[in-house]
Amino acid sequence: MRSGLAALTIATSLLSAPALAEKDELVIGLTQFPANWHPSIEAMASKAYVLSMARRPFTAYDTDWQLTCLLCTELPALEKGTAEYETRPDGGKGIKVTYTINPKAAWGDGKPVTTEDVLFTWTVGKHPQSGYGNFDLFARDIVAIDVKDERTFTIHREKPVCTYREINDFEILPSHLERPVFEADPANYRTRSKYETDTTNPGLWFGPYRITQVEPGSHVVLEPNPTWWGQAPAFKRVIVKTIENTAALEANLLAGQVDMVPGETGLPLDQVLAFEKRHGSRFQVIYKPGLFFEHVELNLDNPALKDLRVRKALLHAIDREAISKQLFDGRQPVAHNEISPLDRVHAPGYATYAYDPALAAKLLDEAGWNQRRAGVRHNAQGERLSLEIMTTAGNRSREVLQQVLQAQWRQAGVDVRIVNEPPRVLFGETLDKRRFKAMALFAWVSAPENIPRTIFHSSMVPTEANNWSGQNYAGYRNPEMDKVLEDLEHVCEPDANRALWAKLQRIYAEDLPNLPLFFRADPYILPPWLDGVVPTGHQDSSTLWIETWKPKG
Amino acid sequence: MTRFLASRLLQALVVLALMSLAVTVLMALMPGDPVDMMLAGNPRATPADAARLKALYGLDRPLLERYWHWLSAALSGDFGYSRLYAQPVLTVLGPRLLNTLVLLGASMALSVAVALPLGVYAARRPHGWADNVINLFCFAGISVPVFWLALLLILLFAVELQWLPASGLGPVGGESLVERLPYLVLPVASLTLASIGGYTRYVRAAMMGELRQDYVRTARAKGLGESRVVWRHALRNALIPIVTVVALEFGVLFSGALVTETMFAWPGMGKLIYDSIMGNDLNVALVALLFATLTTLVGNLLADIAYAALDPRVSFKGGEG
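Chains V and H supply the protein sequences, listed in that same order. Heads up: the first sequence begins at 1275 in my numbering, then just goes up one per residue. Heads up: the second sequence begins at 287 in my numbering, then just goes up one per residue.
To be clear, the hints were calculated from the coordinates, so they are not data collected in a lab. Be a bit skeptical, because a hint or two may be false.
List time: in silico EDC-like cross-link candidates among lysine to aspartate or glutamate, alpha-carbon distance up to 20 Å [unchecked claim]: (1) K340(H) - D1459(V); (2) K1551(V) - D322(H); (3) K340(H) - E1424(V); (4) K1707(V) - D322(H); (5) K1707(V) - D319(H); (6) K340(H) - E1738(V); (7) K340(H) - E1360(V); (8) K1385(V) - E1424(V); (9) K1422(V) - D1383(V).
Residues from chain H that face chain V, not an exhaustive set, calculated with beta carbons under 10 Å [to be verified]: (10) M287; (11) R289; (12) A292; (13) A336; (14) L342; (15) L370; (16) Y371; (17) V458; (18) G459; (19) G484; (20) M549.
Glycine residues also receive a C-beta, built at the ideal position from the N, C-alpha and C atoms.
Using the sequences plus the hints, can you model the full thing?
This is the structure in structure tokens:
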């Protein structure tokens, strides 16, 4: 019996023995598998993470949150003459912006990346049946493209926007492979594209790596792309495994079957904090606060929340610093405004609301909620100060935070009831149609220098009349804020633009259309031998710089 | 027999038609429009964009019209494309189905193979120490949550002992059965340990009932050996309820095991059905659920046929089993 067991043990270990990853191979664990591979049809964090190893956008925000050229040679600029205001044929004011494709850029099959690809990409993007979600950029924002030569082209944009240099979403397609597919049947292009039918075709990729194997739902293998023009990548193979259960993903890390888990779509912060305490000595753990703005959305149609004094009192009544320390080990910085302090356009000097229970009580008294019965404040009409708070059911971190907020508000005499819903219902129905009664705890994600027009402009309040479009779920309306949001799009002179950003942050802090809580930190777990991984903290993946990742020493 | 089969086939078609309509209606009633959800992350998307995409995906048409369109195409063998995966539905389903069959087929075969002798052994010596140990093992298997058991197995065999891989279908580039076999061990063990208990309890109960029957006493009185009495006579009759249970489980073979698949990163039907429902991918959800329904119906049909083989009193004459 004993010898049988020993034999089984030896046989099993010989058969399986998951060899420790060699240093020329990197195994990355994600919690989500990309559903499809076309770079512009259906946006997904895991897809962006993988594709950023195999292709490059023209422009992107780097790890210092500065716009940079990745596929182009130089960022266009008004002062250099590569960007120029112009009068559109209809008499309106537009801007033309010239880019040059890196002369060494080539698809994985050796064909150069040219302006032919640029024109084809524009044709696909603006076709109403191509299935593109960012139709706005291709069909409305870009009104024409002039080709100068094989590498240089000029984009004519409809409006002279201050972000004219940025074409992060213009994901170039290989016309030599995709054109026949698209022209044969534009309506079915999204399913017939070679990105879906022939994903490992080298001609689809032009990054430091190219996709060489896809096992749906399980893993993707990437190998160095011989036509890559930049710094040679260090690994002979990068394997991206999907393990959706976070406990199983953690076990895979410990078993050495996954080398790293990135913050883009990896483990939640609370799990990583616990992981670091137990196994921190075996890994490098990096926390990168970013652009996920965790906040309490307020329904400003709620009679109590309409009163600015109540909104201010709610913020003064919660100790965000202590919550950050207790729940997030201080890794998640407190947010005082919608704009991250890491953003270039952040302008300190706006009002902030420190934990001050006495001031909270005073403000509530002034607002008429001055009678306490059974610990809950009531107004002169005998109405209870009772509010409902919702969040995404199943998000452990938010559910714990919600309970702490409830307890702290209770101490201020505010009765808060928790009503949670699955994300699909909360975002698909309740928020979208403004059916939340008082408060909702969730995060906005934006980009550096992103103008929060859809969130704060009065025209963006979802209503039945506008088919529930817009994300101003609060129902916030302030003509002064509307004006700032509109001006920010076209007042580009640096000092004036900075002043507008400062004004926006000041108005936000004075009006408190929502309650700022934290800027979410993305946790990265890396092996001790890996060097060069720099989290971005914004929507552009850290893998856009994967060629700098290498084993230490 | 032919009449019986024809009648069952007709019943199956009606069930499938009703099921397809029910799935379509229920998915349409789910909160959250798929296009709105798709565009939720794009602050620049306009109502016109949403309308354009809804038209492109056919979501602007009335529900029944969409259903009729799908049904007509499906009857000619075209099950459409997956909205989420941008692939033909059968291309998406094929590999997942194979993975699920391998995982659940191995687990079911192993469970039945272990449960039969265990259940028979326990039934022959009811309330003895061996029966008590077997019962304890069964109740533990039934009671332990699958995800917890899976995690325990991963921690023990993959993290601590490092004998087996923690998850995945196989080594990258490894296609052979020998290379893939170790990846099957933990998920199959986790499913099998959880299901042996149930099967063993069924076998034990059925066998205890049979062993008390007169024909068993007569067989023993006639001087037949105990093993012949148990394995040839009693077990054959005890198998009828067990076949029913196994047949009902047959449909599960094709609908996957969501928790185990998620824990062991085993891309199977359970996860696919879950993702397609949550992602509002109607074509995939519809075909996958219909397939699971069909296999449950086939399992029941096979059970009926097995009854006749096991019990000569069962006949298909008159169209009834």
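Are any of the numbered hints broken by this structure? If so, which, sorted upward?
Checked against the structure, the hints that fail are numbers 2, 3, 7, 9, 10, 11, 12 and 19, while the rest are satisfied.
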